[in-house]
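Asker: Since the structure of chain A is provided, determine the placement of chain B on it from the hints.
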Amino acid sequence: DIQMTQSPSTLSASVGGSVTITCRASQSVGTSLAWYQQKPGNAPELLIYQVSTLQIGVPSRFIGRGSGTEFTLTINNLQPVDFATYYCQQYNRFSPTFGQGTKVDVK
Amino acid sequence: QVQLVESGGAVVQPGGSLRLSCAASGFTFSMYAMHWVRQTPGKGLEWVALIWSDGTEKFYGDSVKGRFTISRDNSKNTVFLQMNSLRDDDTAVYYCSKNQQNYYDLSASDYWGRGTLVTVSA
Numbered sequence: 001d002i003q004m005t006q007s008p009s010t011l012s013a014s015v016g017g018s019v020t021i022t023c024r025a026s027q028s029v030g031t032s033l034a035w036y037q038q039k040p041g042n043a044p045e046l047l048i049y050q051v052s053t054l055q056i057g058v059p060s061r062f063i064g065r066g067s068g069t070e071f072t073l074t075i076n077n078l079q080p081v082d083f084a085t086y087y088c089q090q091y092n093r094f095s096p097t098f099g100q101g102t103k104v105d106v107k
Numbered sequence: 001q002v003q004l005v006e007s008g009g010a011v012v013q014p015g016g017s018l019r020l021s022c023a024a025s026g027f028t029f030s031m032y033a034m035h036w037v038r039q040t041p042g043k044g045l046e047w048v049a050l051i052w053s054d055g056t057e058k059f060y061g062d063s064v065k066g067r068f069t070i071s072r073d074n075s076k077n078t079v080f081l082q083m084n085s086l087r088d089d090d091t092a093v094y095y096c097s098k099n100q101q102n103y104y105d106l107s108a109s110d111y112w113g114r115g116t117l118v119t120v121s122a
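Sequences listed follow chains A and B, in order. Counting along the first sequence from 1, when you hit position 85 you're at 85 in my numbering, and nothing is skipped either side. Counting along the second sequence from 1, when you hit position 14 you're at 14 in my numbering, and nothing is skipped either side.
Derived by calculation from the structure, the hints in this document are not laboratory data. Be aware that a few hints might be false.
What the hints assert, rightly or not - Derived EDC-like pairs (lysine to aspartate or glutamate); straight-line CA-CA distance at most 20 Å:
(1) B/K43 - B/E57
(2) B/K43 - B/D89
(3) A/K39 - B/E46
(4) B/K65 - B/D89
(5) B/K65 - A/E45
(6) B/K43 - A/E45
(7) B/K76 - B/E57
(8) B/K76 - B/D54
(9) B/K58 - A/D1
(10) A/K103 - B/E57
(11) B/K43 - A/D105
(12) B/K58 - B/E46
(13) A/K39 - A/D82
(14) B/K43 - B/D62
(15) A/K39 - B/D88
(16) A/K107 - A/D82
(17) B/K58 - B/D105
(18) A/K103 - A/D82
(19) A/K107 - A/E45
In isolation and in its complexed conformation, chain A is listed as follows (with noise of 0.2 Å):
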């Protein structure tokens, strides 16, 4: 299985700040990358697929890039709902797998 690394575990961020996070895969996924946020109680919600597409409704504050092993998300720009736990996935293969999740939290 291609193992996905995230980091860092968790991030202290204030309101109107950015924040990056980075998403390294354990060989390449080429672009088959996806971005989700997870609050707590909720499932998660997809923010951005092929690395850079925004998903339907999504705001331009979120940022996705990378291609091969290496992967950022950045949130500019951060917003109160913007506070949550973020994990990457990769599905280049038949047996996706996700980051161990990184958590946004107020600084």
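Answerer: For chain B alone, kept in the frame of chain A given last:
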């Protein structure tokens, strides 16, 4: 609007069996692959199983291979997860999710249910 509603979660003893269901609505169910993904309390997400839109191909995570079976009934817009030989570490919230791309193209999951809790405990 797309809705996925899981059911069937329960408390079950180790070695026992359980069948989860996920009722779908708001899209042409027979056109899309479906996933099961689980999340252990306080932990991350683990992909469990995938079934193609027509049910001809099924794929499983290593930790459930040989114990779990995914199936679907396109006439009832429902996907199932039969779980046998349950272990303590199968305790989790189980989500079904819709594959974003149709037919045979593996992709991200664009819609998720609210999940159903399975607890394996003596």
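Asker: Does each hint fit the structure? Answer for all of them.
Answerer: Okay, the hints, checked on the actual structure:
1. The suggested pairing of B/K43 with B/E57 is violated, with an alpha-carbon distance near 29 Å, which exceeds 20 Å.
2. With a C-alpha separation of about 12 Å, the suggested pair B/K43 and B/D89 falls inside the 20 Å cut-off, and the hint holds.
3. Taken as a hint, the A/K39 and B/E46 pair is honoured in the structure, with Cα atoms around 17 Å apart against an allowance of 20 Å.
4. The suggested pairing of B/K65 with B/D89 holds, with an alpha-carbon distance near 14 Å, which does not exceed 20 Å.
5. Restraint check for B/K65 and A/E45: the C-alpha separation of about 26 Å exceeds 20 Å, so the hint is violated.
6. With a C-alpha separation of about 16 Å, the suggested pairing of B/K43 with A/E45 holds against the 20 Å cut-off.
7. As the CA atoms of B/K76 and B/E57 are separated by approximately 19 Å, the hinted pair is consistent with the 20 Å bound.
8. Between B/K76 and B/D54 the CA atoms are separated by roughly 13 Å; this keeps the pair inside 20 Å, and the hint holds.
9. As the CA atoms of B/K58 and A/D1 are separated by approximately 17 Å, the hinted pair is consistent with the 20 Å bound.
10. At roughly 35 Å between alpha-carbon atoms, A/K103 and B/E57 are farther apart than 20 Å, so this suggested pair is violated.
11. Note on B/K43 and A/D105: the hinted pairing holds, with a Cα-Cα distance of about 17 Å set against a maximum of 20 Å.
12. For the proposed pair B/K58 and B/E46, the alpha carbon gap of about 17 Å is at most 20 Å, so the pair holds.
13. At roughly 9 Å between alpha-carbon atoms, A/K39 and A/D82 fall within 20 Å of each other, so this suggested pair holds.
14. Pair hint B/K43 plus B/D62 holds up; C-alpha atoms about 18 Å apart against a cutoff of 20 Å.
15. With a C-alpha separation of about 25 Å, the suggested pair A/K39 and B/D88 falls outside the 20 Å cut-off, and the hint is violated.
16. In summary, the hint linking A/K107 to A/D82 is supported, as the alpha carbons are separated by about 13 Å, within the 20 Å threshold.
17. With a C-alpha separation of about 13 Å, the suggested pairing of B/K58 with B/D105 holds against the 20 Å cut-off.
18. For the proposed pair A/K103 and A/D82, the alpha carbon gap of about 10 Å is at most 20 Å, so the pair holds.
19. Proposed proximity of A/K107 and A/E45 is contradicted: the alpha carbons are some 24 Å apart, above 20 Å.
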